[in-house]
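Residue-level listing of the chains:
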Amino acid sequence: MAPISALAVGRRKHGAGGGESAGRRRTSFPVWRWVILLIAGVYFLLPLYAALRFAGIHAFGTVFVQPGFWPALWLSARLAIITTAITLALMVPTAVYVHLRLPGLRRLLEGITILPIVIPPVVLIVGVLQVSPGALKASPWLLGLEYVILGMPFAYRAIDAGLRSLDLKTLTEASSSLGAGWLTTLWRVLLPNLRTALLSATVLIVALVFGEFTMASLDLFVTFPVWIVLFDQLNANMSVAASIFALVVVWLLLMLIVVVGTRQARRTGGGQVNLFTAARTDTKGN
Amino acid sequence: MARTDTVDVAPGSLADPGVTRVRTVRTVGRGITRLAGIVPFTVYISLGLLIPMIAIAVGAFKNPNTGAFTFSNVDIATHGVYLTGIRQSVILSVLASVIPGIFGALIAYAIFTAKRASLLRQVVITASGVFANFGGVPLAFLFIASFGSSALVTGWLNDIGLNIYNDGFSLYTLSGVALVYMYFQVPLMVLVILPALEGLRPAWREAAENLGARTWQYWRYVGGPVLMPSFLGCVLLLFGSALSAYATAEALTAGTIPLTSIQIASFLNGNVIAGQENVGKALGLGMVIIIAIVMVFYVLLQRRAAKWLR
Numbered sequence: 000m001a002p003i004s005a006l007a008v009g010r011r012k013h014g015a016g017g018g019e020s021a022g023r024r025r026t027s028f029p030v031w032r033w034v035i036l037l038i039a040g041v042y043f044l045l046p047l048y049a050a051l052r053f054a055g056i057h058a059f060g061t062v063f064v065q066p067g068f069w070p071a072l073w074l075s076a077r078l079a080i081i082t083t084a085i086t087l088a089l090m091v092p093t094a095v096y097v098h099l100r101l102p103g104l105r106r107l108l109e110g111i112t113i114l115p116i117v118i119p120p121v122v123l124i125v126g127v128l129q130v131s132p133g134a135l136k137a138s139p140w141l142l143g144l145e146y147v148i149l150g151m152p153f154a155y156r157a158i159d160a161g162l163r164s165l166d167l168k169t170l171t172e173a174s175s176s177l178g179a180g181w182l183t184t185l186w187r188v189l190l191p192n193l194r195t196a197l198l199s200a201t202v203l204i205v206a207l208v209f210g211e212f213t214m215a216s217l218d219l220f221v222t223f224p225v226w227i228v229l230f231d232q233l234n235a236n237m238s239v240a241a242s243i244f245a246l247v248v249v250w251l252l253l254m255l256i257v258v259v260g261t262r263q264a265r266r267t268g269g270g271q272v273n274l275f276t277a278a279r280t281d282t283k284g285n
Numbered sequence: 000m001a002r003t004d005t006v007d008v009a010p011g012s013l014a015d016p017g018v019t020r021v022r023t024v025r026t027v028g029r030g031i032t033r034l035a036g037i038v039p040f041t042v043y044i045s046l047g048l049l050i051p052m053i054a055i056a057v058g059a060f061k062n063p064n065t066g067a068f069t070f071s072n073v074d075i076a077t078h079g080v081y082l083t084g085i086r087q088s089v090i091l092s093v094l095a096s097v098i099p100g101i102f103g104a105l106i107a108y109a110i111f112t113a114k115r116a117s118l119l120r121q122v123v124i125t126a127s128g129v130f131a132n133f134g135g136v137p138l139a140f141l142f143i144a145s146f147g148s149s150a151l152v153t154g155w156l157n158d159i160g161l162n163i164y165n166d167g168f169s170l171y172t173l174s175g176v177a178l179v180y181m182y183f184q185v186p187l188m189v190l191v192i193l194p195a196l197e198g199l200r201p202a203w204r205e206a207a208e209n210l211g212a213r214t215w216q217y218w219r220y221v222g223g224p225v226l227m228p229s230f231l232g233c234v235l236l237l238f239g240s241a242l243s244a245y246a247t248a249e250a251l252t253a254g255t256i257p258l259t260s261i262q263i264a265s266f267l268n269g270n271v272i273a274g275q276e277n278v279g280k281a282l283g284l285g286m287v288i289i290i291a292i293v294m295v296f297y298v299l300l301q302r303r304a305a306k307w308l309r
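So the protein lines, in turn, are chains H and Z.
Mapping to numbering that gives the first Met the number 0: the first sequence position 208 is 207, numbers consecutive.
Mapping to numbering that gives the first Met the number 0: the second sequence position 175 is 174, numbers consecutive.
Since the hints were derived computationally from the structure, they do not count as laboratory data.
Where a beta carbon is used, it is the ideal one built from N, C-alpha and C, also for glycine.
Accuracy of the hints is not assured; some may be wrong.
Residues from chain Z that face chain H, not an exhaustive set, calculated with beta carbons under 8 Å [said to hold, decoys possible]: (1) Pro51; (2) Met52; (3) Leu236; (4) Ala246.
Produce the entire structure from the sequences given, and follow the hints as far as they go.
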């Protein structure tokens, strides 16, 4: 295998130099690439710009002193904390276990965790309100429990990408040959290696909790997004400014995590860190 | 009941045959103890997802006052304004899954092949994670401020002689809602299609080129066929996502377009004729059945994709 891949690399370098026809075709790539990215950039940034212009940047400052702002923010923050805690406690051991012991179930787990994207939250909350015991129904924690389900598609994918970029088998075998048990391995070997993946999962869950409107409003709890809508009827500008602000903050946070994670991984000899996809390090079978 | 059972239990029940098939090679007993590690996850999914769905299915066939078995909820839910709602929802979801699917796949491929621009990749991927979760009133506002009848972009287009509102476009019709849905559908597509693109090995392209294939020939005979099942699977996922979206459509149209998800929510909000309380559940059941059909095809496509990818 090695000589062939060496040949391929050599050939690609030669091609990039523009010597042969493959090289000419490759250099024409960037044109359509930039066209696509330009269209995407316009589509995604123009509405943001229009909304900010319409709302006015000075509307920001006053939003913090509006009635109900802090209670709503505090409720959403608590929900975000509990959702993150449950998700990580539930999904990390499950994902590690399936990767190590039941690799045949990986595809099934992927299929189950994608379900919350397609199952309408409107429908789910109807069912949940019907079957949940009265005490839980009256408490906002019911929302937290359901947000764990809603966040699964994103959380699982982030954790799965982290696990795939590790050499899980070697790590666990090395750890157990040094006498570590299951929990020690998980806590002291795997978790530190999964730091970036876990941080990404956390930020995505926080983004979800701070953006989820359907379930919260139908369950009649005034979380941050619900407050924005209620408040919107009084003063649209400020609440829109606040939600755009939240969007940008979450995105910058994610960028920071990924950039720092990549830098750290490079120092420790790991591959590139991606949010949802694992950079393939082995090329077995090629 | 029988129908709904296949709907709700299908994903969970897949576990057992798959495992036992693998396990029969060794002892069945060891297989069962091995499954112990996924018990917490299974229990959580059952309580949080499966049982509520079963409750919906049961409620759809119940008379709200007497609790007796009845078909009247389903009957109401499949006629008149509710039938229109389902039809409109499906049309909207097709629009808001095929177009963002193609666009998202192109974006994903553009950043995937940009080997040297790893910062660009990170920017696009992280932005996708955030934008895929954006929706509701803030999103509606973004588009009202830019594509509303007298908004910024509409004004610009007017200045260059293009009056989109005279040409039949409106933000508050199906096509307008589909345009807004793209805002979270495209990033979702980028996220779900990327792993499939990673499975596309550079060696295949090199092999094809060594055999003298041109770019279009590579895509026609190698890349396209390999990616097609994954692509279609991801589009189905977007279809489900569009079908289940509620907050954005509600904020944008305030119910002027009949959509099933908005109709279900109005039952929860108490806007309901006496004796029809369970029609909302029947509507929910209808949506879940559509989703289940979609997911069956999704699983089949994923299985086919697995032949070559990964």
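Can you verify the interface hint for Ala246(Z): is its Cβ closer than 8 Å to any Cβ in chain H? OK, holds: Ala246(Z) within 8 Å of chain H, min 4 Å.
With a cut-off of 8 Å, does the beta carbon of Met52(Z) approach a beta carbon of chain H closely enough for the hint to hold? holds, 6 Å
May I ask you to test the interface hint for Leu236(Z) with respect to chain H, counting a Cβ-Cβ separation under 8 Å as satisfied? holds, 6 Å
For the hint on Pro51(Z), just tell me whether its beta-carbon gets within less than 8 Å of chain H. holds, 3 Å
The structure meets every hint from the earlier list without exception.
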